[in-house]
Amino acid sequence: MAVTVAPGPAALPRRPPRKDTRRFSPGRAVAWTYLGGIVLVTLFPFYWILRTALSNNYQLATNPSSPLPVGFTWGAFERVLGIATTAEAQAQGGSGATLDIAIYLRNSLIYASVQTALIVLLSAAAAYAFSRLHWRGRDLVFNILISALMVPSVFTLLPNFVLVKDLGLTDTFAGLILPGGLFQAFALFFLRQFMLGLSTEVEEAAIIDGAGPLRIFFRIILPMSAAPIATVSLLMFVNAWNDYFWPLLIANDQSVQPLTLALGVFKQSSPQAAPDWAGLMAAALIAALPMLLLFIAFGRRIVNSIGFSGLK
Amino acid sequence: MVVTSQGNHTTPVRPWPGEPGVVATTANSPVKKRSSPRKGRRPTVTRSAAARRRDLPVALLLILPAVIGFATFYAYPTLRGIYLSFTEFHVLSPPKWVGLANFRELFGDDVFWHSLLVTGYFVLLSVVFGTLTSLVTAVVLDRVTRSSALRGVILLPFLISNVIAALVWQWMLDPTLGIVNIALKHLTGHSVLFFGSGGWAIPSLAAISVWKWMGYYALLIFAGLQTIPPTIYEAGRVDGASEIQMFRRLTVPLLRPILVMVVVLTVINSFQLFDIVQVTTEGGPANASNVLQMYIYRKAFRQFDFGYAATMSLALFALLIAVTFTQLRLARANESDLS
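Just so you know, the protein sequences line up as chains A and B, in that order. Yeah, the first sequence ends on 312 if you go by the working numbering, and it's all consecutive. Yeah, the second sequence ends on 339 if you go by the working numbering, and it's all consecutive.
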């Protein structure tokens, strides 16, 4: 198979379309109708988040099926951002509970970006040692590390929680970041697989010029691996940004809680009988915004990387 | 926290034998070609012992953080988890060895078996509907368009967190104000308590899960479709096969390894379902959606019964291992389909 791990869009295996794509047939009409339905179901919830977030929570009940925001207002956003006063918030159906979203946003950013930077750098370094350097026991050690793929995170969650608690790292960024920031079998495997396929010519020229292994790593291998590193970074960032379970166990204090947890907290603080849906949707939108921006910026890379990384 | 957890899906990669893959490199860069004749594709084969000795210290330095991470947060917790499942442990006092007591409790625990059943039901729904819709979507995409924008759109739910997916669907499925229920009432005359009734809780959760993962799996299958040579379909067409026949007789068998992978990923992820339940039903109503992971969480963090929670985790682990091995065997049995 001439396909490898995410070399980027250029390496998409081009295949001529099987049929003239412009010809009309009943089958194609059915196919496009189906796709239209899928796109509608996929996108509608996103629109509904926006529509609800721009509504007045009290008036939502009066016209729940309106396709446009009911009583258009930025109130929900002001509420979750803590700009609105309690009186204003309650006038629009808020619970009076505000969400210090700036803090949670900061926490999410720290958690996701530090963990991503750490895991990508360390995985790349280890992948280099496991692919381009030559030492006894290399493949054995690699196979042992990769065995971590077999252990579901659900199994290590509890013991890891106990460990982090013993280390006194609950409610700290270190406790949040370290377990997933030092080693992740997938990142290591993915980068090693790429580095194995790199040509040795440049490297050997550098050796002849007297460059040591570290210099080769930073000056040659790392720049050559920019594309797969970008892919892993994206996937790791998305994972960390959306992570919920681990922060739920580790972060009880607002000062380190990421946005995913904050949404849960905000939901619980709003009354069960009449939740502040407008506020919740505004908060959800803010929480999802970085992902949507990433998607706009790197959508094509994400789409292609998922296709390729899944191939055997 | 990443590998195969429900919230953090990891892109699956499987090693392929032989060639390390064709990669765009600096093949045509102005390199002095005075390197030795051993510039082959497998540098592992020939290297002097001196080079090995020189590489070793640097290699150890570079892998050290990863090895520490592996030992501290994967190997040790795995062993400790197995150990804890034989103990009574309430976090504040040290664990007390109780032998098989937890396992005996497990067998007699109706709530555990019920949650296993509930989880199994969720897994079944997710696998059947998830795989079917992603397969159909991938095939349709492959046949009518190569627009990567469209592929991007269906991937969108994969990028947002389970928490947000759960929140927006809970709002849309709200019994009185939710747009889905308003539409239902308009069409059928009555609304449905999607999260409030025992019968609907699990199907609703499965629907959210399918919505979130469908695009991702569709893209995996789509990538698999790209590897099927078009000549096979041309041959089929010459033989007079219809589209449906070709789908059943050509596409599905050739895709089997990827389909097996998608099914197993869905199973593994679905067994670890937690985020969506925690946000929407919290296991209710009356344990109707008390999936295994939810029950484990409650045991550990509401009742602080860590020993028993570890035992249930071990059971879940064993289950997932069994699934993975079955997958490996199934996948291997079908490897010859396209070679």
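It is worth saying that the hints were derived from the structure and are not from the lab. Predicted, not measured: the structure shown is a model, and the values here were computed from it. Be aware that a few hints might be false.
[Stated by the list, open to error] Derived DEER-like restraints, expressed as beta-carbon distance ranges:
#1 ALA101/B x ILE110/A: 39 to 47 Å
#2 GLY240/B x TYR47/A: 43 to 51 Å
#3 GLN268/A x GLU234/B: 29 to 37 Å
#4 LEU60/B x ARG300/A: 51 to 59 Å
#5 ARG215/A x GLY120/B: 37 to 45 Å
#6 GLY212/A x ARG237/B: 54 to 62 Å
#7 TYR34/A x ILE232/B: 43 to 51 Å
#8 GLY168/A x HIS90/B: 32 to 40 Å
#9 ALA101/B x LEU50/A: 20 to 28 Å
#10 PRO94/B x GLY137/A: 46 to 54 Å
#11 ILE110/A x SER148/B: 49 to 57 Å
[Unchecked claim] Only some residues are given here: those of chain B computed to face chain A with a beta carbon under 10 Å:
#12 PRO57
#13 GLY99
#14 ALA101
#15 PHE129
#16 THR131
#17 LEU132
#18 LEU141
#19 TRP211
#20 PHE271
#21 GLN303
#22 LEU316
Glycine residues also receive a C-beta, built at the ideal position from the N, C-alpha and C atoms.
Evaluated hints:
1. ALA101/B x ILE110/A: 39 to 47 Å: 43 Å, holds
2. GLY240/B x TYR47/A: 43 to 51 Å: Roughly 45 Å apart at Cβ, these two residues keep to the hinted range, so it holds.
3. GLN268/A x GLU234/B: 29 to 37 Å: 59 Å, violated
4. LEU60/B x ARG300/A: 51 to 59 Å: 39 Å, violated
5. ARG215/A x GLY120/B: 37 to 45 Å: 55 Å, violated
6. GLY212/A x ARG237/B: 54 to 62 Å: 59 Å, holds
7. TYR34/A x ILE232/B: 43 to 51 Å: 24 Å, violated
8. GLY168/A x HIS90/B: 32 to 40 Å: At 19 Å between Cβs, range violated.
9. ALA101/B x LEU50/A: 20 to 28 Å: 53 Å, violated
10. PRO94/B x GLY137/A: 46 to 54 Å: Given about 36 Å between the Cβ atoms, the range is violated.
11. ILE110/A x SER148/B: 49 to 57 Å: Because 32 Å falls outside the window, the suggested range is violated.
12. PRO57: PRO57/B check passes; min Cβ-Cβ to chain A is 9 Å, inside 10 Å.
13. GLY99: With Cβ-Cβ at 19 Å, over 10 Å, it is violated.
14. ALA101: 18 Å, violated
15. PHE129: 13 Å, violated
16. THR131: 14 Å, violated
17. LEU132: 12 Å, violated
18. LEU141: 7 Å, holds
19. TRP211: 7 Å, holds
20. PHE271: Hint holds; PHE271/B Cβ to chain A Cβ min 8 Å, cut 10 Å.
21. GLN303: With a minimum Cβ separation of about 13 Å from chain A (threshold 10 Å), the hint on GLN303/B is violated.
22. LEU316: It holds, given that the least Cβ distance between LEU316/B and chain A is near 6 Å, below 10 Å.
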